[in-house]
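Participant: So the protein lines, in turn, are chains A and B. The numbering used here applies: residue 40 is where the first sequence begins, and numbers increase by one. The numbering used here applies: residue 127 is where the second sequence begins, and numbers increase by one.
Careful, some of the hints might be misleading.
The list that follows gives simulated cross-link-like pairs (lysine-lysine, DSSO-like), each with its CA atoms no further than 27 Å apart [to be verified]:
#, chain 1, residue 1, chain 2, residue 2
1, B, LYS194, A, LYS208
2, B, LYS175, A, LYS175
3, B, LYS175, B, LYS194
4, B, LYS194, A, LYS175
5, A, LYS190, B, LYS194
No lab work stands behind these hints, which were simulated from the structure alone.
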Amino acid sequence: MATYDQELLAAARRLIARRAGQRGALPSARTRRSISTSYYALFHFLLDEAGTRLIGSHNQLRSRRRIFVRTFTHAGIKVALDKVRGTRIDSSVADFLRQPGAPPGPVASPGFVQNLAKVFSDAQAKRHDADYDLSKALSEADARLLRARVKRVIAAWRSATGTTARDFKHALCMLMLLKGQLRRES
Amino acid sequence: MQADFALLRDRVREVVRRSPVSERVNDIVLEADRDDEGTDFLRVVLEMKAIDDVDDSELEALIESIEKAVGDVDERYPSVRFADAA
Chain A
40 MATYDQELLA AARRLIARRA GQRGALPSAR TRRSISTSYY ALFHFLLDEA
90 GTRLIGSHNQ LRSRRRIFVR TFTHAGIKVA LDKVRGTRID SSVADFLRQP
140 GAPPGPVASP GFVQNLAKVF SDAQAKRHDA DYDLSKALSE ADARLLRARV
190 KRVIAAWRSA TGTTARDFKH ALCMLMLLKG QLRRES
Chain B
127 MQADFALLRD RVREVVRRSP VSERVNDIVL EADRDDEGTD FLRVVLEMKA
177 IDDVDDSELE ALIESIEKAV GDVDERYPSV RFADAA
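Only chain A is shown next, with the shape it has when bound in the complex (with noise of 0.2 Å):
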């Protein structure tokens, strides 16, 4: 059964898929729609990885998860990303986020990790644009190539599965669910 980021990017192929021989450029309705579309699935996969992470996977969550997510908002999973979209994470997070038992000084980002926070901002930025910006143009290509990477970032985040990446993954479900900040003691 597809997940819902994976029928979210259906969706965005869809609006901008063209009938065999058609020419032209598409209206600007369906590539602004994709854009928001492919925005959308790349949240509600971090949503969904959130929920699974840190209340848990079984059926009988579901509702809990449900609730659980709508704490997330979409400016707080933004500032959590900005702070691992570097080669360093930043120094306000580092603590946070290092491998237990890792020595200290800066830590780095994983690549994957690095590649979505990357995707993250480019898409929070086109959806807006596309949402509620019409002076700002928004191409057929803009939205094909946004939906390449945003189903990339989600494969490679997926498939990122060993014990370090793990623990990664759900310090970063914390972070995002603590909007990128962390109280610092003096």
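Go by the hints and put chain B onto chain A.
Facilitator: Quick look at chain B alone, frame taken from chain A:
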């Protein structure tokens, strides 16, 4: 850190120049903006000739190269877009 606009434009221009699709790029437009959450970002628009004839993998490589070139000198995320110059 936020870099000077001239430096950013030079970096994007250099990435485009080294790209296999450089001949198709008519113009580069760079804008700074702030999203609803108050985060600054950059909008990088590449105006291209016959964009639908370009392979998506080449466009994706160009996006990633620009993200790297800008990200090395500026904390603002560069959201790269392609516009048809027709």
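Participant: Okay, which hints does this one fail, numbers in order?
Facilitator: none
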